[in-house]
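Peer 1: Here is what each chain is made of, one letter per residue.
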Amino acid sequence: MAIAAAASVNQHVVVTLMPAGKISAPAAVTLTNTSSFGSYSGTVQLQYNARTSPGTTGGINIQAASDFSPPGGPAVARGALTYNCGAATLGSACTGVQTLSLSAAAPVLSLPAAACTGGGGQCSSTDPNTVSLAFFLDDDPVLPTGGYRAQITFIYSNP
Amino acid sequence: MNKIRALPFLSLTLLLPAAAFSQSSATTTLAVSVAAEATLSVSNSSTSLTTSSIFGNYTGATNLTWKIRTSAGNGTGSITAKVTTDFNGINGPSVANSAVTGDTLSYTCAADSPATACSGAQTASTTAATSVASFGAAASSKKAGSSATVNWSLVDDPAYAPGSYAATVTFTISAS
Chain A
0 MAIAAAASVN QHVVVTLMPA GKISAPAAVT LTNTSSFGSY SGTVQLQYNA
50 RTSPGTTGGI NIQAASDFSP PGGPAVARGA LTYNCGAATL GSACTGVQTL
100 SLSAAAPVLS LPAAACTGGG GQCSSTDPNT VSLAFFLDDD PVLPTGGYRA
150 QITFIYSNP
Chain B
0 MNKIRALPFL SLTLLLPAAA FSQSSATTTL AVSVAAEATL SVSNSSTSLT
50 TSSIFGNYTG ATNLTWKIRT SAGNGTGSIT AKVTTDFNGI NGPSVANSAV
100 TGDTLSYTCA ADSPATACSG AQTASTTAAT SVASFGAAAS SKKAGSSATV
150 NWSLVDDPAY APGSYAATVT FTISAS
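Residue numbers (numbering that gives the first Met the number 0), protein chains in the order written: chain A, 0 to 158; chain B, 0 to 175.
Rather than coming from a laboratory, the hints here were simulated on the basis of the structure. These numbers come from a predicted model, not from an experiment. Treat the hints with caution; some may be incorrect.
[Unchecked claim] Computed footprint of chain A on chain B, listed as stretches where at least three residues anywhere in the stretch have a Cβ under 8 Å from a Cβ of chain A:
1) 27-41
2) 75-82
3) 99-108
4) 128-141
[Unchecked claim] Far from chain B, by Cβ distances over 12 Å, these chain A residues were calculated:
5) Thr29
6) Ser40
7) Ser100
8) Cys122
9) Ser123
For each residue, glycine too, the CB sits at the ideal point set by N, CA and C.
Extracted from the complex, chain B is given alone in its bound form (with noise of 0.2 Å):
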């Protein structure tokens, strides 16, 4: 005879211990690969020349702010301007004829620290990147940019017909 034992109510309970604090974590790790690089922007989109005496030059300022970091080692860096658009017009200014005329577009320059600007005047070509200034390894700008100028000066020959003239030149920042 089969025997039925009831067995009374089980009661499972399970009570974790209270916590009072949880607590998980996950760990990233950031990298950056820091490069040479460098930028440049003209202050004043266009630089008028000018003159204050009868057939003295016509001269002007362009003001540059760069940023430019250079590698340490055998880093360098350099800012250059080419005439990248000559003077329109007949019988005007011309930077491609400059050689020819002795008519010469040329420039000084000034550069903040660490760069060093051009040395003494500088004839402005339609043909070749001519230095405004360079840098050396390890080489830092400013947080917010440092600055360079340029200081035109453009022959004022009797020659001219009257008029506006005007020519495009492209400034190049590099480093490496």
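Bound conformation, chain A alone (with noise of 0.2 Å):
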């Protein structure tokens, strides 16, 4: 006679899950102006994913992290180089014109609590999230002709 052998076991899988970003800019993007001492203008598309906890928000800043180069052209530090942000898919977009820093960074947007990445429901339905900013830099006609780089850094952040 045979006896059936059963067994079951129970397995509790308990995730914490912490609160977490990640952000990607493009590599380089070049200014141009279409008039005569209009501004030069270029648009980043910056994408990122979030996750804040119930209690806390987190956001996105940005700041130069080096001026123009070589010296001598465009400066971030005589506030040369400005932006604006367009919407956010997730979370509160800056308004109006912020000013870039090299000291200092400044709001790109800020995420509410309890904010998440794709999937829907109680997270955004778009993944990744993203959100444009036109920056302006001001074409004096004192710059010396030539080409000038600049670095600027994205800051996620989780506080």
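Using the hints, put the two standalone chains together into the complex.
Peer 2: The structure is reproduced here in structure tokens:
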């Protein structure tokens, strides 16, 4: 007589998800002008994935990592580089004209508590989330002709 | 005989260290090519030429605002004037015929640094652009724009029929 053998084991898997974020930006953007002494402008689309905890908010800021090079041309240090934000697919994008700085981070967007990217429901329906930034560089006649480059850094943070 | 061995419930808990701060960053290079360029506007869209004495020349001034950036090295720039539409009307002043009649439309110039204003009286032409100002290498205007003035003088020939006459002058600025 065969005896059926059976056993069951329950296993609880508990994962505690921590606040996290990831951002990506194009490696390079060229600023151009369409009229003489109109501002040079260019657009950067920032992609991000975010998760904030129920009790805290998050955000993305921007700061100039290096001023325009070679020296003698446009200068972030003189407030020549500004930007404004387009609509964000998650969170609240900055409003008005913002000025980039070498010494302080400026806002790009703020994320509410319990925000998350993708999947719908309580999370956003888009994955990754995006926000566009339009940059404007003052075209001062005194700028010497030539090519100039500066680096900007986007910083995601969950405080 | 199979043995049944019941295992106690196994609870797996993944507890990540509580991060006090989560941060990620991305870097973009902004590139810009600053080129030689120039722009020009006329402050007064219409300049009236008037005279204060009988058969004295008709005079008036046109004010220009210009912005310019020329290249270092061999960069140059210029502002020129050309009569693109001659005075209308019959038996009135004519720029095109001034070489024959001697009844010229002439002008003198003044301009902010670093422009070099035209030297002496220039005779306006319907066929050639004539100089108002010139620029050398690495020249730049004020950010808000610099100024130049064209002071016109039109011979008042008694042969002109009474009336009102208008001509169009086109100013051109260029930079390299």
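Peer 1: If a hint holds in the structure, say so; if it does not, say that too.
Peer 2: Hint check:
no.: 1; hint: 27-41; in the structure: holds (count 12)
no.: 2; hint: 75-82; in the structure: violated (count 0)
no.: 3; hint: 99-108; in the structure: violated (count 0)
no.: 4; hint: 128-141; in the structure: holds (count 4)
no.: 5; hint: Thr29; in the structure: violated, 5 Å
no.: 6; hint: Ser40; in the structure: violated, 10 Å
no.: 7; hint: Ser100; in the structure: holds, 14 Å
no.: 8; hint: Cys122; in the structure: holds, 17 Å
no.: 9; hint: Ser123; in the structure: holds, 17 Å
Consistency with the previously given hints fails for numbers 2, 3, 5 and 6, ordered from lowest to highest.
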